[in-house]
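With chain A held as given, fit chain B onto it using these hints.
Protein chains in written order, with this note's numbering: chain A, 1 to 687; chain B, 1001 to 1687.
Do not rely on the hints blindly, as some may be mistaken.
Under the rule of at most 20 Å between Cα atoms (straight-line distance), these lysine to aspartate or glutamate pairs were calculated in the DMTMM-like manner [as the list claims (entries may be wrong)]:
no., chain 1, residue 1, chain 2, residue 2
1, B, K1643, A, D640
2, B, K1561, B, E1534
3, A, K282, A, D449
4, A, K643, B, E1442
5, B, K1643, A, E200
6, A, K198, A, E37
7, B, K1349, A, E534
8, A, K572, A, E539
9, B, K1353, A, E200
10, B, K1627, B, E1436
11, B, K1349, B, D1338
12, A, K198, A, D449
13, A, K353, B, D1338
14, B, K1637, B, D1207
15, B, K1198, A, D640
16, A, K349, B, E1442
17, A, K198, B, E1534
18, B, K1126, B, E1442
19, B, K1353, A, E534
20, A, K643, B, E1200
21, B, K1353, B, E1634
22, A, K353, A, E630
23, A, K637, A, D206
24, A, K554, A, D206
25, A, K353, B, E1534
These are calculated hints, taken from the structure and not from any lab test.
Single-letter residue listing:
There are 2 protein chains.
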Amino acid sequence: MNAIYALSFLTAAAAFLFAVYLYFWVKKQKVENSRIEEVSHLIAEGARTFMVREYRSLLYFAVPAAILVFILLPEPIWRGNIIENIQMVVAYAAGTILSAIAGRIGIMVAALANGRAAEGAQKSLKSAFLIGFRGGAVMGLLVVGASLFGIAAILMLFGNPSIILGFSFGASSLALFAKAGGGIFTKTADVAADLTGKVELGIAEDDPRNPAVIADNVGDNVGDVAGMGADLFDSNVAAGTSALVIASTLASSEDAYAMVLCYSLLGLVASMIGIASAKVGKDGNPTRALNSSTYVTTAIYLVLTALATYLIDGFEWRIWIAAATGLLVGVIIGITTDYFTDDTKPIVKRVAKASSSGPAFTILSGISYGFISALPAMIGIAVSALVAYKVAAPLGDGYALFGIAMSAVGMLSIVGMIISNDAYGPIVDNARGLAEMGGLGEETLKVADELDSAGNTVKAVTKGFSISAAGLTVISLLGAFMSEANAVLSDLGKSLIAGFDIMDPTVFFGMLIGASVPAVFSALLIQGVDRNAETMVAEIHRQFNTIPGLKEGKGIPDYNKCIDIATTGALKELVKAGLFAILATFAVGFIGGPASVGGYIAGNIISGLLIAIFMSNAGGLWDNSKKYVEAGNEGGKGSDAHKAAVIGDTVGDPFKDTAGPSINTQITVVSLVASLFVPLFAAFSIF
Amino acid sequence: MNAIYALSFLTAAAAFLFAVYLYFWVKKQKVENSRIEEVSHLIAEGARTFMVREYRSLLYFAVPAAILVFILLPEPIWRGNIIENIQMVVAYAAGTILSAIAGRIGIMVAALANGRAAEGAQKSLKSAFLIGFRGGAVMGLLVVGASLFGIAAILMLFGNPSIILGFSFGASSLALFAKAGGGIFTKTADVAADLTGKVELGIAEDDPRNPAVIADNVGDNVGDVAGMGADLFDSNVAAGTSALVIASTLASSEDAYAMVLCYSLLGLVASMIGIASAKVGKDGNPTRALNSSTYVTTAIYLVLTALATYLIDGFEWRIWIAAATGLLVGVIIGITTDYFTDDTKPIVKRVAKASSSGPAFTILSGISYGFISALPAMIGIAVSALVAYKVAAPLGDGYALFGIAMSAVGMLSIVGMIISNDAYGPIVDNARGLAEMGGLGEETLKVADELDSAGNTVKAVTKGFSISAAGLTVISLLGAFMSEANAVLSDLGKSLIAGFDIMDPTVFFGMLIGASVPAVFSALLIQGVDRNAETMVAEIHRQFNTIPGLKEGKGIPDYNKCIDIATTGALKELVKAGLFAILATFAVGFIGGPASVGGYIAGNIISGLLIAIFMSNAGGLWDNSKKYVEAGNEGGKGSDAHKAAVIGDTVGDPFKDTAGPSINTQITVVSLVASLFVPLFAAFSIF
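Only chain A is shown next, with the shape it has when bound in the complex (with noise of 0.2 Å):
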């Protein structure tokens, strides 16, 4: 156990190590154009204000948070052992702390790539690429670093996997803030931006006279990159943390610890490798370059865990192959989406088709195969579950729930990799923008428009992938919160939970309760948007009409007041979403006690993977529809199809950057605070 932990500390420094070295070669890159250089400090200026205040505002939630950790968890102060809930805290400290310095190096490094990536794209496609890429992987390795490193560093300090909950409680805490308010910030300032420049001017996406493209550029990167992180920081602590809980109910449960941090420790190894080989090949083919980075690190990290399934002691071949079904369901579910979301393919020009008979069918067609591209990501879900349960119960009581945590820590395995990927996408996006802006020239923007397009296609399949690791992820968690309600229900002398009853009417009722709280909690965030767009399109008229000779490009506009609009909306309005879905498992608890919320759980689930699958592909789908009518298909520009498609990617823009993604954390939250609070449930409940 010592040599894993040991392992764990050394990987977990290699990853941090790798992330130094790719930033210092980023920074190398020469940053001449002074437009850019300006421009670009703007943003990063920007995304620092954001944070900053994101941070303060996660202070008004995470110390009354941390005090009621403090004081009940895991068990009230009162009646228990008050160094656990000494540890509860630090643990929950640490997962916040942890997740925002990742996320604010991330953000940083993003902001020194964006045009650094624009003034390479001059240069050459591979080494604009390389710039994009690297500049994203120092993202993907401090977050998997930093999620290996707390989770074994608490395991071994404290001895005691519940105490990691408040780890991933506080790692879920920071996403929600990251995720549904950068989600939020970002969607705000392109709506506005959009309404205003584009449409009632009439001038580019990019134009520097549009006080809120400053803000659109700093939403890029709060949102996708440090949002994302979050999320997958989350995601993977998650992971880690309900099989750990669940392998501490098992036999040999050292053996099923080890098993845990190597085959995490083996993913982030397989991700180095990964990140390390990425680059653009012959054919000049960005998407394929990030494509077959992820094949890669997928190949490398099922060699290597089965390895040490072979070689170490203790290690189940029955466990590898529940965590090999994860991981490749997951790639499939990611070449599914793309399917559904890649302008080559037949949905997406089916789509622009039906545009060109108006608006209405835009939205039509978008919503139905958005609702049908959830089909087999419920389907690869549903058999990855089946399949690691059905294979690894043989091993005894608990293995088979062991099985299906691992198969998400399996899935979740290549999430360095996958982040590195997914933050290339905004760090072009916006290396385009700059290039605009710096006036590079015809022939750089094509290459930053390639270089861009890989990174939408590349987003989709990632976001599909992450969505779908939640999904596993919290099967498990519902296995790790049936652990903890035992505990209690045990040491309160109530009788135990075998599990979660359908015809049980408390079950059913949190059942239909939990799957009613994804949709109001993602119509509250795209109403947010709305509201918060509406706000920041006031102030752009105001500016237009105040500041003198600012529609012919002599006036400097006041970008800040946009980005501070974006940042306290989107505080705002996220906090009356996220307290909507806490307040609502409170309900559910102190109403139906903890069957109820096993079900809850369960419903929110469901229902929550079927809404986030839903918004993200029809959303994803929308984008490139526009993007192919724009290609010149349809009509092309300026075409009635392009009209009803641009409408289309309006509705599309809080789907699947707002409302879709941020789902995924509102699962999270909801089942660690089930999970934190069962005691409660437990003592004092209505039925």
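What follows is chain B alone, placed relative to chain A:
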């Protein structure tokens, strides 16, 4: 028990006689305007054509299904008792045929009432209201009478409630065709007529030059009158069936049978009184007239059942409470639905206001409020199931589930009244169109508009009601499924199912797949409407181009061709969606066995309810927002807000009239298929 059978038949007979009386009452109202008579005739003919074709296609489905039922159910013919297989087939055929007859007659009367209500509106609002309402009430009385008669007869003749599952399956088969097929028909015609008429030519909605205008009117009858009737027949039968199946497992099953039948027949009695008492009061407000007769029916039902419970030995007050809770929750859900869709309430106004920022905001606000509107209904269903279960549980083993089933019976008790209200809507809608085509003058149109608006308001409420009732019904169908599964498993000597544990991955597997099915099913229906409307638009263009003088009002359009396209397309598209749902059930059953199917039904119910309520309410919300703008708000007709609101309405049309309400039927069909085929799943499944 014999007294109860006799009373059931007597009540059913009284309902039939009442319906005959109302039929002659409607028939003796005069039609004098020849243009109205002519168009009425075209509509009646079109409806007849559709129904003949529909019933013929149904044969291709029903005959093979009947053969399968005969061979396999309740047990494979080579193993079981052939007499029971014959009984099952008879019940199946009876369910289909009774529903078909009720639908056919209901439509005929509706078609009679259309024109008469239009001319009645010339005289007074009161008399037009009565014609519309009584025309609809024929359908209501027939449906509930036939349902009561069928259930009582089968139970009396065969003495085995499992056979009634066959009856219920027959009703569902028809409902699938009538509701989903009718829903595709009506929206195909509506969308095609709007696109070519209102949008391209700028002519009025009911302009007779448009070749699709008769198909549009036919659609109102076949989709909203016959479809809704078949849907509620299906729910009503399913509620009674599941209550009886569960009753058969109770200690004093005879008392429980008597209670189910007695409560059902009292519901019919209450509805008859409510129908007889409906009239527009001194305030001249038709909405109030419709609502107050619903409340009268509710109150009478509660009093009558309380009386029966007090007087009859073996009737339990706890069961009365369960039934009363179901009914009251149904009424409350109706009221909350109204809040989200009524144009005097704030939500409709907010969506209208969002429309002034463009169509994307119409869509986003409609979708988000649609999602939020699902929450109260889901809570209502959850609470009534929980209360019914807890209140009935102390009566003994199995009574808890019986309580839920009786809660559904209670909610559906006033369904006679609900159908009357609901069928009133399309009748007065068509009356408005006929008044316009017949040139009955501004004053008459104003009266017709007022009647129509009441119909729209009440329709949203009854739709919410019927979806929730279906929700509660299928929860008890899940109980019926478990009873059936255990009967089979004990025959096979396998271990019985005590419940469906979410932590069992075969159950969870089923849940994930089951939850995806309503999403895909509704997507297929929406795509069916789109595809079909495209074909019809092409046909309308052909007619305008080839029939001389058509645009100028001199040529005569070929109305039948459009009806034909709508019919053929509707049946083709519906088969695709229906087969998908049924095959998914088989796939899950043969992979995971009965436990998976239990999870599958639960997942199907939960996501089905959520999506159905979302779609129905969002659709109603968009429709009324458009009307609100047309009434002169946010710039009124022709403004940008109006254009955006029209786009919202077009998206909402297939949501609220095709996909949303068809999901009900999909859930029932799937639950029944599962209950019927559980012997096969238990004998042959992979896991």
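With a cut-off of 20 Å on the C-alpha distance, tell me whether K353(A) and E1534(B) pass.
holds, 12 Å
Given pair status - D206(A), K554(A), alpha carbons within 20 Å:
Distance of about 16 Å is within 20 Å: holds.
Assess, step by step, whether the Cα of K1353(B) is no farther than 20 Å from the Cα of E1634(B), and give holds or violated.
This hinted pair holds, its Cα atoms lying about 6 Å apart.
K1349(B) paired with E534(A) [C-alpha distance capped at 20 Å]
Distance ~17 Å between K1349(B) and E534(A) Cα, so the pair holds.
Given hint D206(A) paired with K637(A) - CA-CA distance at most 20 Å
With Cα atoms ~17 Å apart, K637(A) and D206(A) stay inside 20 Å; holds.
Just to be careful, I want the Cα atoms of K643(A) and E1200(B) compared with a cutoff of 20 Å; is the pair within it?
Holds: K643(A) and E1200(B) sit about 18 Å apart, inside 20 Å.
Would you mind confirming whether the straight-line C-alpha gap from K1643(B) to D640(A) stays at or under 20 Å?
holds, 14 Å
Take a quick look at whether K1353(B) and E200(A) sit within 20 Å of each other, Cα to Cα.
With Cα atoms ~19 Å apart, K1353(B) and E200(A) stay inside 20 Å; holds.
Please verify whether K1198(B) and D640(A) have alpha carbons no more than 20 Å apart.
holds, 18 Å
Going straight from one Cα to the other, do K1637(B) and D1207(B) come out at no more than 20 Å?
Satisfied, since the Cα-Cα distance of roughly 18 Å is no more than 20 Å.
Does E1442(B) lie within 20 Å of K643(A) when you go C-alpha to C-alpha?
Outside the cut-off at roughly 38 Å; violated.
Given the hint that K1353(B) pairs with E534(A), test it: the Cα-Cα distance must not exceed 20 Å.
Roughly 12 Å between the alpha carbons, so the hint for K1353(B) and E534(A) holds.
Violated hints, listed in ascending order, are 4, 6, 13, 16, 17; each of the other numbered hints is respected by the structure.
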